[in-house]
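Residues per chain, in single letters:
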Amino acid sequence: MNFLEDVKKYLVSFWQPVPAVIALGVLSVYYFGITGTYWAVTGEFTRWGGHALQLFGVDISEWGYFKIMHMDGNIFTRVDGVMIIGMFAGVMAAALWGNNVKWRIPASKIRIYQALIGGIIAGFGARLGMGCNLASLFTGIPQFSAHAWFFTFAMIVGVYLGVKVTQLPFFQSKVKLQKLSCGIDVQSDKSRDEGKVKRFFTFGTFIFLAMVLWAMYLIFIANSQKLGAAMLFGGAFGLIIAKAQICFTSAFRDLFTTGRSQMARAIVIGMVVSSIGVFSYILLGTPPKIMWAGPNAIIGGVLFGFGIVVAGACECGWMYRAAEGQTHFWIVGIGNVIGATLLAFVWDDISVPLATSWPKINLLESFGNYGGLFFNYLLLFLLFLLVLKLEKNYLKKLKGNTNYGK
Amino acid sequence: MENNTQIPTPTHRLDMHGEPCPYPAIKTLEALRSIGDDDILEIISDCPQSINNIPIDVRNHGFKVLHIDTSTPSVRYFVKR
Numbered sequence: 001m002n003f004l005e006d007v008k009k010y011l012v013s014f015w016q017p018v019p020a021v022i023a024l025g026v027l028s029v030y031y032f033g034i035t036g037t038y039w040a041v042t043g044e045f046t047r048w049g050g051h052a053l054q055l056f057g058v059d060i061s062e063w064g065y066f067k068i069m070h071m072d073g074n075i076f077t078r079v080d081g082v083m084i085i086g087m088f089a090g091v092m093a094a095a096l097w098g099n100n101v102k103w104r105i106p107a108s109k110i111r112i113y114q115a116l117i118g119g120i121i122a123g124f125g126a127r128l129g130m131g132c133n134l135a136s137l138f139t140g141i142p143q144f145s146a147h148a149w150f151f152t153f154a155m156i157v158g159v160y161l162g163v164k165v166t167q168l169p170f171f172q173s174k175v176k177l178q179k180l181s182c183g184i185d186v187q188s189d190k191s192r193d194e195g196k197v198k199r200f201f202t203f204g205t206f207i208f209l210a211m212v213l214w215a216m217y218l219i220f221i222a223n224s225q226k227l228g229a230a231m232l233f234g235g236a237f238g239l240i241i242a243k244a245q246i247c248f249t250s251a252f253r254d255l256f257t258t259g260r261s262q263m264a265r266a267i268v269i270g271m272v273v274s275s276i277g278v279f280s281y282i283l284l285g286t287p288p289k290i291m292w293a294g295p296n297a298i299i300g301g302v303l304f305g306f307g308i309v310v311a312g313a314c315e316c317g318w319m320y321r322a323a324e325g326q327t328h329f330w331i332v333g334i335g336n337v338i339g340a341t342l343l344a345f346v347w348d349d350i351s352v353p354l355a356t357s358w359p360k361i362n363l364l365e366s367f368g369n370y371g372g373l374f375f376n377y378l379l380l381f382l383l384f385l386l387v388l389k390l391e392k393n394y395l396k397k398l399k400g401n402t403n404y405g406k
Numbered sequence: 407m408e409n410n411t412q413i414p415t416p417t418h419r420l421d422m423h424g425e426p427c428p429y430p431a432i433k434t435l436e437a438l439r440s441i442g443d444d445d446i447l448e449i450i451s452d453c454p455q456s457i458n459n460i461p462i463d464v465r466n467h468g469f470k471v472l473h474i475d476t477s478t479p480s481v482r483y484f485v486k487r
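Keeping their order, the protein sequence lines are chains S and W. With the first letter of the first sequence counted as 1, position 385 gets the number 385 in the working numbering; the numbers rise by one all the way through. When you read off a place in the second sequence, starting at 1, and then add 406, the result is the number in the working numbering.
Hints in this document: simulated from the structure, not taken from any laboratory. Be a bit skeptical, because a hint or two may be false.
Derived lysine-lysine pairs resembling DSSO-like cross-links, with alpha carbons at most 27 Å apart [said to hold, decoys possible]: (1) S:164 to S:389; (2) S:102 to S:9; (3) W:486 to S:8; (4) S:389 to S:399; (5) W:486 to S:179; (6) S:397 to W:486; (7) S:392 to W:486.
Some chain W residues well away from chain S (every beta-carbon gap over 10 Å; in silico) [as the list claims (entries may be wrong)]: (8) 444; (9) 447; (10) 472.
All residues carry an ideal CB built from backbone N, CA and C; glycine is no exception.
Please build the complete structure, drawing on both the sequences and the hints.
Structure below.
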């Protein structure tokens, strides 16, 4: 009984973010080795946009972007699709286990517009750059694709611009600091219903087990090993991002808002770990995913970085927040699909100058296997230094401020 | 985390319900600069992601985290200068 209580306690509490990001790095390597693709979410969101257009009778068979994205099958038959089903199961289980599910309404109308407009800009930018914080950063850089580096540095610029805008007085929180009178009962506003907490925990366990059984069915009965594995990986990705509250958006944003570098450092370390793993699979013959390293990656990166800061979450961050009942992030998710679909709509007009006429640069081909590996590590080291430098600059500026705390 | 300690009695409160990150963290730092040395600030945030920013930012900026209560969907932080 005590053992079960300990397990439960672990499922209820939040997990430490730094080991969690490193675990995500390791898992994404195995995901690549087993399924041959990288952990990514926005490609599938784009396909959902395509399916939505088909529902309304739009013929998308001639749209170039949907040809690149391969619209064949549906969410239940594509690796990316079942991975996302697993992710949703993971984030829902995590939220229910942790008693984090609550209907939450945005504090003001401004936030609703921010969520929608930011979501659209981020979705558009992500698909222009051929990936979000995953495929063009966290899982794209370890693929040795130069586009991911273009995207990442451009994204940091976009994030900086986004921070500048969201810190304008108009966007600032209007919440007032309340002064409390002495002896106020601090417990009075605590609304913890033990029965509800228990029911939520059971429901979370049910969702997680259902996901595992579904994956087992795919592997052992339906003979779709890859899909079953993708679902299990999705479940693990979802569980980890939700339990450790992994926010890729906060990583670079908060270097500029409060001078916190913890998440950015964790992400670089996660990529250091996964680069060598992906490298070994590539040497064994798995082809890496390389995308056009052109203006698309740079423009997409700036738009994406700007959009995620305005929206408050990136394309996988909104998923676990949506499962927690934060309606703000349902709007971000809808915005993402709209933005990705808009990109697909204009793609045939802009793809040649911005993307397809530019080379797909594989660092392992440009510099040789070990040269490319070394070069990727050199860039990761420089990114790490940049993160430390930005943190230091922030704190230095803060110290010059007379309002600085003790 | 500081979950098992006694819940302190706050003198000030920031009710950040409905505000997404990073606003809870930014407001917390602003509020901490405006209160007195003996005051205790309670921040209520229903953005669970604040668990990875408010405590770290508070310490990074030279302030103290007294207690964190994660037992309800709205996380409550008790901090002082």
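Hints, one by one, checked against the model:
no.: 1; hint: S:164 to S:389; result: holds (19 Å)
no.: 2; hint: S:102 to S:9; result: holds (20 Å)
no.: 3; hint: W:486 to S:8; result: violated (32 Å)
no.: 4; hint: S:389 to S:399; result: holds (15 Å)
no.: 5; hint: W:486 to S:179; result: holds (14 Å)
no.: 6; hint: S:397 to W:486; result: holds (22 Å)
no.: 7; hint: S:392 to W:486; result: holds (24 Å)
no.: 8; hint: 444; result: holds (12 Å)
no.: 9; hint: 447; result: violated (8 Å)
no.: 10; hint: 472; result: holds (12 Å)
Checked against the numbered hints given earlier, this structure breaks hints 3 and 9; the rest are met.
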